[in-house]
Each structure stands twice: as structure tokens, then as C-alpha cells.
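**Student:** Whenever a hint applies, use it, and build me the whole structure from the sequences.
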Amino acid sequence: MTHLIETFEDLKALEGQEIGVSDWKEVTQEQINQFAESTNDHQWIHVDIERAEKEMPDGKTIAHGYLTLAMIPAMTAEFIAFKNLKNAINYGVNKVRFMNMVQVESKIRARASIKITRQRAGAIQVIGDTTVEIQGHDKPACVAETVSFYYLDPQ
Numbered sequence: 017m018t019h020l021i022e023t024f025e026d027l028k029a030l031e032g033q034e035i036g037v038s039d040w041k042e043v044t045q046e047q048i049n050q051f052a053e054s055t056n057d058h059q060w061i062h063v064d065i066e067r068a069e070k071e072m073p074d075g076k077t078i079a080h081g082y083l084t085l086a087m088i089p090a091m092t093a094e095f096i097a098f099k100n101l102k103n104a105i106n107y108g109v110n111k112v113r114f115m116n117m118v119q120v121e122s123k124i125r126a127r128a129s130i131k132i133t134r135q136r137a138g139a140i141q142v143i144g145d146t147t148v149e150i151q152g153h154d155k156p157a158c159v160a161e162t163v164s165f166y167y168l169d170p171q
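According to my numbering, the sequence shown holds residues 17 to 171 in order.
Don't read these hints as lab results, they were simulated from the structure. Beta carbons: idealized from backbone N, C-alpha and C, even for Gly. Check before you lean on any hint, since a few could be wrong.
Only pairs whose alpha carbons sit at most 30 angstroms apart, straight line, appear in this in silico DSSO-like list of lysine-lysine [stated by the list, open to error]:
{"id": "1", "residue 1": "LYS131", "residue 2": "LYS102"}
{"id": "2", "residue 1": "LYS76", "residue 2": "LYS123"}
{"id": "3", "residue 1": "LYS41", "residue 2": "LYS76"}
{"id": "4", "residue 1": "LYS131", "residue 2": "LYS70"}
Ranges of calculated distance between the beta carbons of each label pair, as one might list FRET restraints [stated by the list, open to error]:
{"id": "5", "residue 1": "ILE132", "residue 2": "GLU94", "range": "38 to 48 angstroms"}
{"id": "6", "residue 1": "MET17", "residue 2": "HIS58", "range": "25 to 35 angstroms"}
{"id": "7", "residue 1": "THR23", "residue 2": "HIS58", "range": "43 to 53 angstroms"}
{"id": "8", "residue 1": "GLY138", "residue 2": "THR44", "range": "31 to 41 angstroms"}
{"id": "9", "residue 1": "HIS58", "residue 2": "SER129", "range": "18 to 28 angstroms"}
{"id": "10", "residue 1": "PRO170", "residue 2": "THR55", "range": "36 to 46 angstroms"}
**Tutor:** Given below as C-alpha cells:
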């Protein structure tokens, strides 16, 4: 279910609720390699397939924790949309924990709720709780308290 947001009140009404669960997304070696290139983090556990086969659990490379975190906005966009959005800003993360490895070819999804919604500086500030789940695992990959600002066009 996609929540269509037009006003502050629309977001405020979702406060304290789970707002959605994304579809499963496969994490590929190509994504991991691109992230390594972008961040200059070429640690072998991420990019050295041959060494991972010998030294890593199940013989697989793992995604960067920050790649998992960076995928949250795209995953949560599956279940929340804005009719009159001028722009959105990822303001930060109050707390994040990487709790489980995301092995290459794993599938992950985001489960999110809105914790706090308030008007600030001409925008809507949303503090949300997001859990990134790994298909087939009880322990999540990541839990994060995110802070975002949404600027709506009053039209």
C-alpha cells in the first residue's frame, strides 16, 4: 500500500504506525563493487570473491554496511509518495546499527514506521524507524532512526 502525502496532516496521521514494507531487493556483486569504487572502500570482504570463498562464512562477499543504509530511501519510496513535493532532504541518522552481514545475492527489504512528525523551518521533519531485513534470517541487517525533511509546494 502506498501512502499518498499532500499535507503535513497526512504525515502526522501516520505517526506511531508502520507505514510499509518494501519488496525484496537482491544485493549483487556489481552493486557492492560500484559502492566500493564510489567510497574507496575496497576491503577484501566486499570485493575479493576468491578470498571470500576461502575465508568468509558460506564463502561469499558481503555488502558494505553503509551500502545497506544507503538503500533505505529507495526502498521506502515504494510505500510513501508525495503529490506536491518540492524536495526532500536526508538530514541524518540519529542511531544506526549494523546487526547482520548482507551476503552477496541476499535479498533485503525495508520495514518502516514514523516515530515523530513536526513542522520545522518551512518543512515537515520526519523521524522514522527503519529495519532492513534479510530474507531467510531472523536477525536484521540494519536498524536505523532516520531524520528527513520534506518541502511541499502549497499549490
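**Student:** Taking the hints in turn, state whether each one holds.
**Tutor:** Evaluation of the provided hints:
1. LYS131 with LYS102: The given pair, whose Cα atoms are some 23 angstroms apart, holds under the 30 angstroms limit.
2. LYS76 with LYS123: holds, 14 angstroms
3. LYS41 with LYS76: Distance of about 17 angstroms is within 30 angstroms: holds.
4. LYS131 with LYS70: Distance ~43 angstroms between LYS131 and LYS70 Cα, so the pair is violated.
5. ILE132 with GLU94: 38 to 48 angstroms: 22 angstroms Cβ-Cβ, so the 38 to 48 angstroms window is violated.
6. MET17 with HIS58: 25 to 35 angstroms: With Cβ atoms ~40 angstroms apart, the hint is violated.
7. THR23 with HIS58: 43 to 53 angstroms: holds, 46 angstroms
8. GLY138 with THR44: 31 to 41 angstroms: holds, 39 angstroms
9. HIS58 with SER129: 18 to 28 angstroms: violated, 35 angstroms
10. PRO170 with THR55: 36 to 46 angstroms: holds, 38 angstroms
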